[in-house]
Amino acid sequence: MTLGQGTEDSLFIDVVFWVIAVSSIISAIAVVQSKDLFRAAMFLIVSFVAVAGLFVLLRAEFLAAVQVLIYVGAISVLILFAVLMTRDVEGGSPSNRQVVPIGILAVLFGAVAIFVSVDTDWNLLESTLSSGTVTADVTDGITGVFSNTVPVVAKLLIRDFVLAFEVASVLLLASIIGALALVREG
Amino acid sequence: MSLENFLIVGAIIFSIGLYGALTKRHAVTVLMCIELMFNAVNITAVALSRYVTPSAVLDGSKGAAEAVLTGQVFAIFIITVAAAEIALGLAIVIAIYRTRETVFVTDANQLRK
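Line by line, the protein sequences give chains A and B.
Quick note on the working numbering: the first sequence kicks off at 43 and runs consecutively.
Quick note on the working numbering: the second sequence kicks off at 578 and runs consecutively.
Keep in mind that the hints were calculated from the coordinates and are not lab data.
Glycine is no exception: its CB is placed at the ideal position from the N, C-alpha and C atoms.
Take every hint as true, because none was put in to throw you off.
Derived DEER-like restraints, expressed as beta-carbon distance ranges:
1) Thr683/B - Ile218/A: 27 to 35 Å
2) Leu126/A - Lys690/B: 26 to 34 Å
3) Ile68/A - Arg689/B: 33 to 41 Å
4) Ile655/B - Arg139/A: 28 to 36 Å
5) Gln687/B - Ser52/A: 52 to 60 Å
6) Lys639/B - Leu147/A: 41 to 49 Å
7) Asp56/A - Lys690/B: 52 to 60 Å
8) Lys690/B - Arg201/A: 46 to 54 Å
9) Gly637/B - Val142/A: 49 to 57 Å
10) Ile55/A - Arg689/B: 51 to 59 Å
11) Thr683/B - Val61/A: 35 to 43 Å
12) Lys639/B - Gln140/A: 46 to 54 Å
13) Gln687/B - Pro136/A: 17 to 25 Å
One chain only, chain A, in its complex shape (with noise of 0.2 Å):
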């Protein structure tokens, strides 16, 4: 069974997937390989414009949007000027000499991520909820809630979440201060 109304399982879906996840990869290299830093910053942007995408995919319309105001929006916007303010650093973004047993540990770290994703035998919602161990009444209450997103997350956020909610208005609160206190001149 599907949930939502989108068709999942149709070939354009499908298409547009790969071509969303083959971009966010070649643009993460990128950002790592680029010589010149404005050109990586660019590069992040459009990896983060793809995971956008990727979170539409999966249902999450509103991380998505959060996504594009928050990272497209904001955080590239910071580190555009970082890297301008910057710029008469010379050299680019040279490599430090532990690139071989880092690149060694990281193709190690991502083959085990991969192995056990795919080796792993994930419950999944759909058979559970095709199986019928679940009542007709939760069935019918998932597929309310991957129907429209938005307000459950904020139910949850408010609700079940709230004291991470409060912490991390906090946390924000103080980074806002301690970001000021850096940057004051004198």
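Following the hints, complete the assembly by docking chain B onto the known chain A.
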């Protein structure tokens, strides 16, 4: 398109970010690679919440249907932490650049001397 596809994309992007964050000398590049790693973790969290059955659904407890979106709430908190981290990190980079005229993390080693 299934759970494994998203997890593999997340793992690859995380590995690229890990490699860049540990090998690059420019502090802004290191911060950019850390953002890549945050993004990879977000993809993984949202994909798991979309495809995997939460235990609340199996128990049939109250609010079970809403528990399937817990991963999205996690991703929101991760984005919050990432925003705070990048703001402070870039402020530190600018402060070091003002006082020491360098942005290379290998040059900020006063404590070792």
